[in-house]
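The chain contents come next:
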Amino acid sequence: MIKKQIYDVVVIGSGPGGLAAAAAAKKEGADDVLVIERDTELGGILLQCIHNGFGLEIFNEDLPGPSYAQRYIDECRELGVETMLDTIVLEVTPGRKLYASSTIHGFVEIQARAIVLAMGCRERTRAMIQIPGMRPAGVYTAGTAQRFTNIEGKMPGERIVILGSGDIGLIMARRLTFEGAKVERVLEILPYLSGLTRNYVQCLQDFDIPLQFEHTVKFIHGKDRVEAVEIAQVDKNWNYIDGSEETIPCDTLLLSVGLIPENELSRQAGVLLDPITGGPYVDESRETNVPGIFAAGNVVHVYDLADWVTLAGYDAGKSAAKYAMALKAKESAHIPVKAGNNVHHVVPHTINKQNLKDDEIELQFRVVRPIEDRVMIEVHDGENRIARKAARYARPGEMLTLVLKERHFADVEKANSLTVDVNPR
Amino acid sequence: MQEKYDYIVIGAGVVGCIIARTLSRYEGRVLLIDKESDVCMGTTAANTAIVHAGYDPKPNTLKARMNVAGNAMWDTLAGELNFPFERRGDFVVAVGEDELPALETLMGYAKKNGVPGCVILPGPEVRRREKNITPDVSGALWASTGGITDPFAVTVAAAENAVMNGAVVKLNTEFQEFIMEGDRIIGIKTNQGDFMSRWVINSAGLFSDFVMHQAGVRPDFKIRPRKGEYFVFDRADVEIDNVLFPVPSDKGKGILVTTTVHGNTILGPNANIIDDKEDTSTTEEGMNEIWAGANKLVPSLTKKYVIATFAGLRPMGNGPCKTPGVDYNQDYIIEIPEEVKGFVNLGGIESPGLASSPAIAQEVIDLMKDAGEEFKVKKDYDPIRPERPRFREMSQKDRKLLVDMDPRYGRMVCRCENVTEGEIIAEIHAPVPATTYDAIKRRTWLGTGRCQGGFDTPRVVEILARELGVSPLEITKRGAGSEFLSRPTKKVEK
Numbered sequence: 005m006i007k008k009q010i011y012d013v014v015v016i017g018s019g020p021g022g023l024a025a026a027a028a029a030k031k032e033g034a035d036d037v038l039v040i041e042r043d044t045e046l047g048g049i050l051l052q053c054i055h056n057g058f059g060l061e062i063f064n065e066d067l068p069g070p071s072y073a074q075r076y077i078d079e080c081r082e083l084g085v086e087t088m089l090d091t092i093v094l095e096v097t098p099g100r101k102l103y104a105s106s107t108i109h110g111f112v113e114i115q116a117r118a119i120v121l122a123m124g125c126r127e128r129t130r131a132m133i134q135i136p137g138m139r140p141a142g143v144y145t146a147g148t149a150q151r152f153t154n155i156e157g158k159m160p161g162e163r164i165v166i167l168g169s170g171d172i173g174l175i176m177a178r179r180l181t182f183e184g185a186k187v188e189r190v191l192e193i194l195p196y197l198s199g200l201t202r203n204y205v206q207c208l209q210d211f212d213i214p215l216q217f218e219h220t221v222k223f224i225h226g227k228d229r230v231e232a233v234e235i236a237q238v239d240k241n242w243n244y245i246d247g248s249e250e251t252i253p254c255d256t257l258l259l260s261v262g263l264i265p266e267n268e269l270s271r272q273a274g275v276l277l278d279p280i281t282g283g284p285y286v287d288e289s290r291e292t293n294v295p296g297i298f299a300a301g302n303v304v305h306v307y308d309l310a311d312w313v314t315l316a317g318y319d320a321g322k323s324a325a326k327y328a329m330a331l332k333a334k335e336s337a338h339i340p341v342k343a344g345n346n347v348h349h350v351v352p353h354t355i356n357k358q359n360l361k362d363d364e365i366e367l368q369f370r371v372v373r374p375i376e377d378r379v380m381i382e383v384h385d386g387e388n389r390i391a392r393k394a395a396r397y398a399r400p401g402e403m404l405t406l407v408l409k410e411r412h413f414a415d416v417e418k419a420n421s422l423t424v425d426v427n428p429r
Numbered sequence: 017m018q019e020k021y022d023y024i025v026i027g028a029g030v031v032g033c034i035i036a037r038t039l040s041r042y043e044g045r046v047l048l049i050d051k052e053s054d055v056c057m058g059t060t061a062a063n064t065a066i067v068h069a070g071y072d073p074k075p076n077t078l079k080a081r082m083n084v085a086g087n088a089m090w091d092t093l094a095g096e097l098n099f100p101f102e103r104r105g106d107f108v109v110a111v112g113e114d115e116l117p118a119l120e121t122l123m124g125y126a127k128k129n130g131v132p133g134c135v136i137l138p139g140p141e142v143r144r145r146e147k148n149i150t151p152d153v154s155g156a157l158w159a160s161t162g163g164i165t166d167p168f169a170v171t172v173a174a175a176e177n178a179v180m181n182g183a184v185v186k187l188n189t190e191f192q193e194f195i196m197e198g199d200r201i202i203g204i205k206t207n208q209g210d211f212m213s214r215w216v217i218n219s220a221g222l223f224s225d226f227v228m229h230q231a232g233v234r235p236d237f238k239i240r241p242r243k244g245e246y247f248v249f250d251r252a253d254v255e256i257d258n259v260l261f262p263v264p265s266d267k268g269k270g271i272l273v274t275t276t277v278h279g280n281t282i283l284g285p286n287a288n289i290i291d292d293k294e295d296t297s298t299t300e301e302g303m304n305e306i307w308a309g310a311n312k313l314v315p316s317l318t319k320k321y322v323i324a325t326f327a328g329l330r331p332m333g334n335g336p337c338k339t340p341g342v343d344y345n346q347d348y349i350i351e352i353p354e355e356v357k358g359f360v361n362l363g364g365i366e367s368p369g370l371a372s373s374p375a376i377a378q379e380v381i382d383l384m385k386d387a388g389e390e391f392k393v394k395k396d397y398d399p400i401r402p403e404r405p406r407f408r409e410m411s412q413k414d415r416k417l418l419v420d421m422d423p424r425y426g427r428m429v430c431r432c433e434n435v436t437e438g439e440i441i442a443e444i445h446a447p448v449p450a451t452t453y454d455a456i457k458r459r460t461w462l463g464t465g466r467c468q469g470g471f472d473t474p475r476v477v478e479i480l481a482r483e484l485g486v487s488p489l490e491i492t493k494r495g496a497g498s499e500f501l502s503r504p505t506k507k508v509e510k
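Sequence lines, in order, name chains X and U. All residue numbers for the first sequence refer to this note's numbering, where the first residue is 5 and numbers rise by one. All residue numbers for the second sequence refer to this note's numbering, where the first residue is 17 and numbers rise by one.
Simulated from the structure, these hints should not be mistaken for laboratory data. Predicted model, so just to flag it, every value in this text is computed and none were measured. A virtual CB, placed ideally from N, CA and C, is assigned to each residue, including glycine. Worth double-checking, as some hints may not be accurate.
Below 25 Å or equal to it, Euclidean Cα-Cα: the simulated BS3-like pairs (lysine-lysine) are [what the hints assert, rightly or not]:
1. K127/U - K101/X
2. K413/U - K8/X
3. K101/X - K413/U
Ranges of calculated distance between the beta carbons of each label pair, as one might list FRET restraints [what the hints assert, rightly or not]:
4. G279/U - L331/X: 33 to 39 Å
5. L331/X - A496/U: 56 to 62 Å
6. I108/X - T318/U: 37 to 43 Å
7. G124/U - N293/X: 53 to 59 Å
8. P504/U - Q9/X: 52 to 58 Å
9. K418/X - K413/U: 36 to 42 Å
10. T318/U - P295/X: 54 to 60 Å
Modelling step: build the complete structure from the supplied sequences, incorporating the hints.
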C-alpha cells in the first residue's frame, strides 16, 4: 500500500506544527514528503478545538480549530504532500529509519533523509499531582473530556469541578456549560491564571463561573463514579489552610494542570531532551542533536497559540528539506557498485562522480564459485556494457581486479549503478 | 429450574480462581462467582505483586507452610498458564548497625520454614548489586527464590483455564446466604438466583467473615482491612531492577522499593487498619509515609516521575494458629469446619496470599479428599492456557507478521504501553470476557503508562461499545454505576 520506502522528509504528526512543516518542506524543494498521523484524519488536536481563536496572528482572522487546520490540509494537498493516516510510528532510529503500523498500510519500514518530530504534547494527569482519594470514573483530563464532547458527541458528566486554569480547562468550562452541564467551580493552586486572559473573560466571566485562586482538590470521593470533591485553600507553600475545606458535590473532575511535550519517539532516536522544557534541545534551524532530525511545536516546548506552532513548524520543515536535499545530492553523486553474476563482493562500494576526472579506478572483487576455464569479467549498467576483461580462470581464493580508465568515465558518469559479472567465456 | 453444581467457589480473586482452576481438572461441575464485574477486583487487584520466598511468616504457622509450598509451585503454574513470572530473588535491607540483628531473626525463620537459597550479604556487596541503595546499608538477607509476577495475569489466566476445562464463571453475582438441609449446605442464594451445589468454598477475601458467619462458622472471626498505598514510576525514568524490603516491623513487611514484571518501579505499601472494606482511597498522610519509607532505602527517588498512585486492602484476620505452642493470631484459616457439611472455609488470606495461592488450592483439594470426596481427573483436561499476542513485547519482525495476519493489530490504542486494537478485541471475546475498561486495562496493561488513559479511554469506550453491541453511554470503568458518559451532546439542526 505504501508508495515509497525512501522519503526526503517524513513528518510525524499532523497538528499545526506537522502540517506547516510538511508544506514548508515541499515548498523548499523536497521531492517526497510524507506526513504520518495516528488518527483517522489530518489536523491533530485542532480537530477537537471547535472554539475560535485560531489564526489571529497569521491570517488576521478568528477561526475555529478545524477551519484553521483545513487551510494547511488544503495547502499540503495542493503541494502534493503524501499522508499515511491511522498509522502509529513505533520507533525512530538514529539513522532515521521509521517503523510504523496501521490497519490500512500494515507494518511498514520507511527510510527518511530528514525527519520532523511534531508529536505535540500530552496532558499532566491526576497521578502527577497526586490528588488523594478514590479512583472512580469521572476524573478526566480536560483534553480527554474535549474529545468525548466534540469528537464523540457524548457528555463526560453533568456537575463539574475543574482543577487548573489552563486554556483547555477554561475552554471546556464554557463548552460544557453550552451543553447544559453545570460547572460548579474552577480552582487554581497558583495566585494567578495559567491560561490566556481572553479565555478567562470569554469562558468564565461571561458565564458567571466562579474561579478560586490558591485553591486545590484535597480528596476525591466516590467508589464507582465521582460523588464529590473536597477542596481547600493553600498557603504559599501549597499547604492546606485548616478550616478552609469545602466539599462540592459533583460527578466529574476535569484536570487542566499542564502539558508535557511528547517525546517517547525522540528518546529512542537518541534525541537529547532539556529537563526544563521536556522537549529536545534544538538549534535555530530546529535541528536536534541527531543530524537530520528536526523538531517543532509543542513537542519542543508548550505554546499558548497554535499560530506560533505553525510558524515553528515552517522553520523546521524548511530546514529538514534543505538537509534532505543536500543529502540526496551527495547520495546521487555516488554510483553504487554491485556484485553481479558469480561475484561475492566488490570494493569500492560506490564511485563519487566528482572524482572521475582524476586517476584510474581499480575495482577489487572475489568470485563465489571457481571457474577453471577462461572467464570474462564484465562491468555494466544494465544493457550498457562499460568495461570488460578476460582471465584464464577465477577462484574464490584469489582476488580479481578490473581497472576503469579515463575512456570509461563518460559511460560511468551516465550510469545509475555499476554491476560486475564473472561468467565463463 | 435451579442450576446444579458439584463445587461453588465464592470469590474470584487469585485464591478463588486458582481453586476453581484446580477443581476443573476433575470431573464435576464448577461454578465460580464474584459480586464484582470482573475477576480480580479485590485484594488481588492492588498489592506488591511479589511471590514471597517464605522467610517472613512465623515458623510453624499455616501461613509459613503455605508460603513455602506455594512459592515452589510457581514455575509450573506460570509455564502452564502463560503469565509473566520472574524469580529475581529479593533483598531485606538493613540500614545501620541496629537493624542487622533483624536479618539474623529472618535467617532463623528461613531455616525453620525450609526456605532454600537464603544468605546474608555484607553492606558493600548489597551496594554492588543495587547501586541506588542507600550508602547506610549495613547488610541484607538475599532470598534467591523470591519472585515477581502480574497478579491480574495470573488470576485471569487461572479463571480462563478453568472455563476452558468446563467451569462456569458468573460475575456481578453476590452471595447472600446458604441453602441448608439440616447441617449440610446444599446451595447458595445470590442476587442472580439460587445455585445448588454439593460443596461450597469460601474464598471471599475481605468478605470471607460474612460468608462463614452465614454458615454459622467462627462467629468471632473478623476481617479487618489493612490498607496499603503505592506509588508507581514511569519506567523510562526510574529503573530499579531489584526487590528491596526494609527489615520488618510489627506493622508488617514494611515499605518496599521494588520492580514489576512490566518494568515499572513501585513504592509501598504502608499498613493502616481501617473499618470500611470499600475504602481504597489514597491519602495525603499515607503518601507521605510511603515516600519517607522508600527514601530510607533509596534516597535518590524523585516524585517528578510518579505516574500513578493506588491503594489496596489486605484481608487481615484474627484466626489463631492451630499448632500447639505457637502464639499467633493472624494465621490463615483453611478448614472443613465441623459445624456444617459441604463447606470449605478460608479466611485471613492476606500477604503472602499470592505466593501461597497454588498451595492453598492444593490444600483445599486434600482436605476434601480427607472428608471423603473422590476426585477423578477429566480425560480431556488441558492445563495449558495459550498465550495471546502482546504487541509491545514483540520484535519489529514479529510485529510485521502479526499485522500482516490480522491488520487490527496494526492500530495502536494505547500509545504509552503499545496496546493494539487487536489485543483489546481478543480480550473482549476471551473465555472470561473483558467487558469494562478496567478489565481491559488489567489484561492488556493499557492505560497504565504515563498518560494514564488520557489517550486511550475514548477509543476503548468506542471499541467496547462496538464489540458488545451497546451504546457508548453504557460502557463502564468497572461495572454498573461507573459509566464514563452521561448523555449525547445536543443535536445540531441542519
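Right, here's what the structure says about each hint:
Our distance criterion of 25 Å between C-alpha atoms is broken by K127/U and K101/X, whose separation comes to about 55 Å. The hinted pair formed by K413/U and K8/X meets the criterion: a straight-line CA distance of about 19 Å does not exceed 25 Å. Distance check on the hinted pair: K101/X and K413/U sit about 14 Å apart at the alpha-carbon level, within 25 Å; holds. Restraint check, G279/U to L331/X: a C-beta distance of roughly 36 Å satisfies the suggested window 33 to 39 Å.
Range check, L331/X to A496/U: about 59 Å between beta-carbon atoms, so the 56 to 62 Å window is met. For the pair I108/X and T318/U, the beta carbons lie near 42 Å from each other, so the given range of 37 to 43 Å is met. As the Cβ distance of G124/U to N293/X is approximately 55 Å, the hint placing it in 53 to 59 Å holds. At roughly 44 Å, the beta carbons of P504/U and Q9/X sit outside the given window of 52 to 58 Å.
Our hint of 36 to 42 Å for K418/X and K413/U holds, since their Cβ atoms are close to 39 Å apart. For the hinted restraint 54 to 60 Å between T318/U and P295/X, the CB-CB distance of approximately 32 Å leaves it violated.
When held up to the earlier numbered hints, the structure conflicts with 1, 8 and 10 and fits the remainder.
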